[in-house]
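Q: Sequence:
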Amino acid sequence: MKLIRKIVFPFVPVYYLITRLRNILYDKGLKTSTSYDFPVICVGNLSVGGTGKTPMIEYLINLLKDDYLVATLSRGYKRKTEGFQLGDEQSIVETLGDEPFQFYNKFGSDILVAVDADRRNGIKQLQALDKVPEVILLDDAYQHRKVKAGFNILLSAYNNLYTKDWVLPTGNLREPRSGATRANVIVITKCPDDLSEVRKQHIIKAIKPESHQEVFFSSIDYDANVYSAKQTMSLESLNNFTLVTGIANANTLVKYLKGKHLNFDHLNFDDHHNFTDQEILLLSTKSKLLTTEKDFMRLKQYDILKDRLYYLPIKIKIDRPEVFDKLVKDFVQA
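Per this note's numbering, the very first residue in the sequence shown carries number 192; after that it's consecutive.
Calculated directly from the structure, the hints in this document are not laboratory data. Cβ coordinates follow ideal geometry from the N, Cα and C atoms, glycine included. Take every hint as true, because none was put in to throw you off.
Cβ pair distances, simulated, as ranges:
hint	residue 1	residue 2	range
1	355	497	41 to 51 Å
2	389	513	16 to 26 Å
3	497	223	40 to 50 Å
4	240	216	24 to 34 Å
5	201	280	48 to 58 Å
6	199	268	17 to 27 Å
7	222	468	37 to 47 Å
Can you make the complete structure from the sequences, with help from the hints?
A: Below, the structure written as structure tokens:
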């Protein structure tokens, strides 16, 4: 894979120029970007792969849902439906996609969960509902420039900082690093718990935030328990299991479980993987399965796995949470 990325390096300037020109056209108003007179918050990244968008969306939901009717709007990646879809009691993972389906399962009627690849149309459809949302959270829409969110939260993983990356196809960036200037807040995610202030300042210096930007650091907070469709047990009691992951980067989870001195083997699939019948049959031969909450949304439909399938929930911990929360709430209130 590394060899292929080196071979395609001559295409990097082409991709850079195309994405840079696109951003300039939007920034100059030569391409249309729709603004809104109600709070629209975008959570996204510059790079492909997992930066922790789902736990950040869930953090924002928990922060706002008691005071506002919140809606999430996602693309609904790998769903089997088209156009605008609103989560309801008949929704399954195939109609919404795994991450929106996770939002709906976790928060239910407390929020609205919608999917639409055309975010502008999705917002229009949400505003036409009888229950009009007061805040809309855009999931993974940082490059969706047709919508101009009022507040942008940019995520970058600690072990894969955008400041050290290249644009596609050699690197992982969807657009040049200069795109970070559109963010109101930059969050460095998946940080080690013992990250020093010296290291934080080193990263901030590399980011060179604009005067309107705040930089925060977050880490993953793993639940003490694992959950199945029928029961709850402590993570430590679930030993000698098979870890099943279909996420962009499972390294952080694997490292955490090894740090707990648990015995397990690991079946690692691509992000948003749709499991085949043969793969489900293979999983059914394992005595205990542990997976992520997102993967659980896809796997829980299989009766053959129900008695052995568990998931480990996560949350994020943000440094200076009172400052972060105030920035978000002040924007919504304004």
